[in-house]
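Starting from the given sequences, assemble the full structure and let the hints guide the process.
Number of protein chains: 4
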Amino acid sequence: MDSLHKLAEYFREFPGIGPRQARRFVYFLLTRNSSHLEDMARLILDIKKSIRICSSCFRFYPEGKADVCLICSDKNRDSGQLMIVSRDVDFESIEKSHVYNGLYFILGGTIPILEKEPEKKVRLKELKDKIKSNTPKEIILSLNITAEGENTAEFIRQFITSNFPDSNIKISILGRGLSTGSELEYVDAETIKSALENRS
Amino acid sequence: MDSLHKLAEYFREFPGIGPRQARRFVYFLLTRNSSHLEDMARLILDIKKSIRICSSCFRFYPEGKADVCLICSDKNRDSGQLMIVSRDVDFESIEKSHVYNGLYFILGGTIPILEKEPEKKVRLKELKDKIKSNTPKEIILSLNITAEGENTAEFIRQFITSNFPDSNIKISILGRGLSTGSELEYVDAETIKSALENRS
Amino acid sequence: MDSLHKLAEYFREFPGIGPRQARRFVYFLLTRNSSHLEDMARLILDIKKSIRICSSCFRFYPEGKADVCLICSDKNRDSGQLMIVSRDVDFESIEKSHVYNGLYFILGGTIPILEKEPEKKVRLKELKDKIKSNTPKEIILSLNITAEGENTAEFIRQFITSNFPDSNIKISILGRGLSTGSELEYVDAETIKSALENRS
Amino acid sequence: MDSLHKLAEYFREFPGIGPRQARRFVYFLLTRNSSHLEDMARLILDIKKSIRICSSCFRFYPEGKADVCLICSDKNRDSGQLMIVSRDVDFESIEKSHVYNGLYFILGGTIPILEKEPEKKVRLKELKDKIKSNTPKEIILSLNITAEGENTAEFIRQFITSNFPDSNIKISILGRGLSTGSELEYVDAETIKSALENRS
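Taken in order, these protein sequences are the chains called A, B, C and D.
For the first sequence, counting from 1, position 10 maps to 10 in our numbering; every step adds exactly one.
For the second sequence, counting from 1, position 155 maps to 155 in our numbering; every step adds exactly one.
For the third sequence, counting from 1, position 13 maps to 13 in our numbering; every step adds exactly one.
For the fourth sequence, counting from 1, position 147 maps to 147 in our numbering; every step adds exactly one.
Careful, some of the hints might be misleading.
Treat identical chains as interchangeable: a pair holds within one or across any two.
Unchecked claim - Below, a list of computed lysine-lysine pairs in the DSSO-like style, where the Cα atoms sit at most 27 Å apart:
1) K132 <-> K120
2) K170 <-> K65
3) K49 <-> K6
4) K49 <-> K137
5) K193 <-> K170
None of these hints come from the bench; they were simulated from the model.
Following this line, the structure appears as structure tokens:
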């Protein structure tokens with residue numbers, strides 16, 4: 001296989017990219033100048049050296065040489081709150097909203113319904129260690145409101161209560177209700193129920 | 001204009017229907033048998049006689065000959081709660097969720113931002129009369145989380161407080177948060193803020 | 001069932017209409033005035049009297065009291081050409097393009113692949129009679145370029161050749177090639193082949 | 001800016017990629033092993049060395065060290081036919097259909113309507129040289145059936161006839177008609193016209 005098709009194969013593995021768009025990426029790169037390509041290749045080559053996984057929250061972070069990320073080492077964050085999210089993109093979404101000042105833990109995935117080996121899908125041992133060492137007062141489960149997200153939330157809740165039976169950790173989940181853009185005509189009963197309970 | 005095109009013109013005024021689909025409706029009717037068409041024509045002819053507007057909540061209701069609908073006359077509903085919705089479809093959506101047991105008031109529309117004559121868009125006089133005669137303890141504003149819905153909610157809130165300044169009516173709005181299907185990666189900051197505040 | 005829901009059920013049978021939109025249609029009618037509803041009901045009631053099926057081409061036509069439609073009785077149309085289409089909407093699409101001056105025959109449907117009783121899906125006997133009485137020089141099969149459309153075209157072609165083995169009728173199909181809006185990047189090989197053969 | 005965001009910026013320039021997907025690409029790469037990243041970086045670094053632009057048809061080609069690509073140097077291709085396409089993806093689409101055995105010329109772009117400097121958008125000088133040296137019998141304009149594609153086709157046609165007024169080159173365009181998937185109900189008059197003329 002020639003390098004055009006080889007590179008297209010690499011792009012094809014990217015999330016959401018089909019064969020046609022992968023090839024278009026290669027043609028696009030062919031129109032860039034050499035220094036552009038060199039910079040990009042260098043970044044890809046070094047990405048795993050310049051980006052580390054925080055040993056405390058397990059998110060990817062780029063800020064420095066320390067073992068823990070700037071959020072985990074920030075004394076102004078409320079260490080009594082621990083928010084559990086599935087992936088880095090979820091963490092980013094929360095952090096960008098500037099409404100949460102506690103700490104995070106990245107599960108690294110979700111647990112499909114009827115999954116037999118959940119410990120292979122998410123960081124369970126690391127979560128246990130984290131709770132043991134951090135002793136948060138509240139754990140906030142921030143998972144998608146999808147079948148797999150809700151299954152993950154339920155699994156993690158049981159995992160925590162069975163592993164820390166005598167603790168007083170409060171386990172909460174994000175509130176449900178109408179989202180921006182919701183139109184009552186199309187909203188499901190479950191959401192209306194929550195929206196009514198959470199009215200303010 | 002022949003009757004095929006005339007009837008298509010009528011269908012074209014239906015919400016969400018373009019000229020092509022309107023014509024397809026007519027061709028569809030042409031394949032029905034005569035008694036089917038007679039039944040349908042009869043229903044259209046009589047719809048305004050058999051469906052009334054409730055003089056209390058202003059929703060369309062088909063149940064009987066009384067002046068008020070079965071919900072407004074139901075002694076088991078909590079008359080201390082009054083939910084204000086924009087249209088009948090919103091009322092239906094709430095009622096179908098079986099989580100609300102109070103009364104309703106149908107505004108009949110929404111108020112666009114910067115609208116100069118809001119009283120022409122929604123039933124303001126009727127709302128005032130309703131509150132005066134009903135004296136609810138709580139009014140729940142159930143409007144869409146859209147620019148126009150939020151504008152309507154804010155207008156109605158001010159309309160009530162300025163018309164009933166000495167009352168103790170609690171005015172609430174439906175709670176915001178994650179809806180069924182919400183994925184954190186795509187949720188806006190406003191919704192995350194509410195979801196975090198409403199965590200449980 | 002009350003008349004609101006009864007009428008919604010009728011609308012729900014319309015092509016492409018779901019339960020929610022069906023109900024919205026009823027609410028829409030409830031906002032119309034009575035004379036509007038009377039006109040509409042009248043049109044529905046009379047549609048089968050005012051619209052007839054042409055005894056020659058089998059299309060619905062509204063023009064008059066004659067047994068055949070204005071196109072079939074038009075001496076200026078070329079009776080040597082007979083175009084076979086599936087439905088009235090296809091006939092309309094062709095006629096609106098003002099490029100065809102022959103006669104038509106409406107099959108009334110299409111023939112699914114592996115269909116065991118094709119004679120129940122399309123007007124075969126009527127087609128045979130039409131060809132017998134009309135003796136066209138050319139028959140143009142104008143079917144959709146879909147699996148079912150192509151199956152229908154192939155079936156009709158064989159039906160004609162086996163029923164009129166000694167005739168000199170030329171049977172043609174609409175030319176294939178690039179349509180308005182076609183982008184070469186997304187065009188399939190079959191279409192490129194035809195477009196290349198039909199280049200001009 | 002850290003390397004995560006820097007690399008995301010590079011991906012963001014890719015055709016059709018927004019900021020969120022760009023970041024997801026980086027997170028995806030962070031989950032690959034180092035040798036995978038090294039291979040990919042190497043391919044990007046070398047892509048312009050391993051892929052050349054054919055000096056005859058101007059397409060990108062990866063096959064070897066020669067100055068012209070395997071198609072241009074293939075004695076079995078019909079050098080009497082020259083197909084002009086806009087981009088490499090269009091060339092690929094045609095070539096994949098295995099129905100064309102002539103030569104190609106890649107314009108490198110399209111000419112927007114009212115463009116004042118068309119010579120900056122497409123390879124005009126190179127096209128002139130190509131025709132001069134190749135002396136094809138037929139030039140096939142294979143452009144998209146879009147406003148910009150048709151404008152480009154018209155411009156190139158005039159460019160050729162004014163530059164080679166005494167030649168006998170036949171200039172053709174791909175045939176128009178029904179494409180795979182076309183439904184007559186939705187087809188425009190222009191396409192029906194062509195489909196009828198090209199019937200077979």
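Hints, one by one, checked against the model:
| no. | hint | result |
| --- | --- | --- |
| 1 | K132 <-> K120 | within (21 Å within a copy, 62 Å between copies) |
| 2 | K170 <-> K65 | neither (34 Å within a copy, 54 Å between copies) |
| 3 | K49 <-> K6 | both (25 Å within a copy, 14 Å between copies) |
| 4 | K49 <-> K137 | neither (35 Å within a copy, 58 Å between copies) |
| 5 | K193 <-> K170 | both (23 Å within a copy, 19 Å between copies) |
In this structure, the earlier hints numbered 2 and 4 are contradicted, and the remaining ones agree with it.
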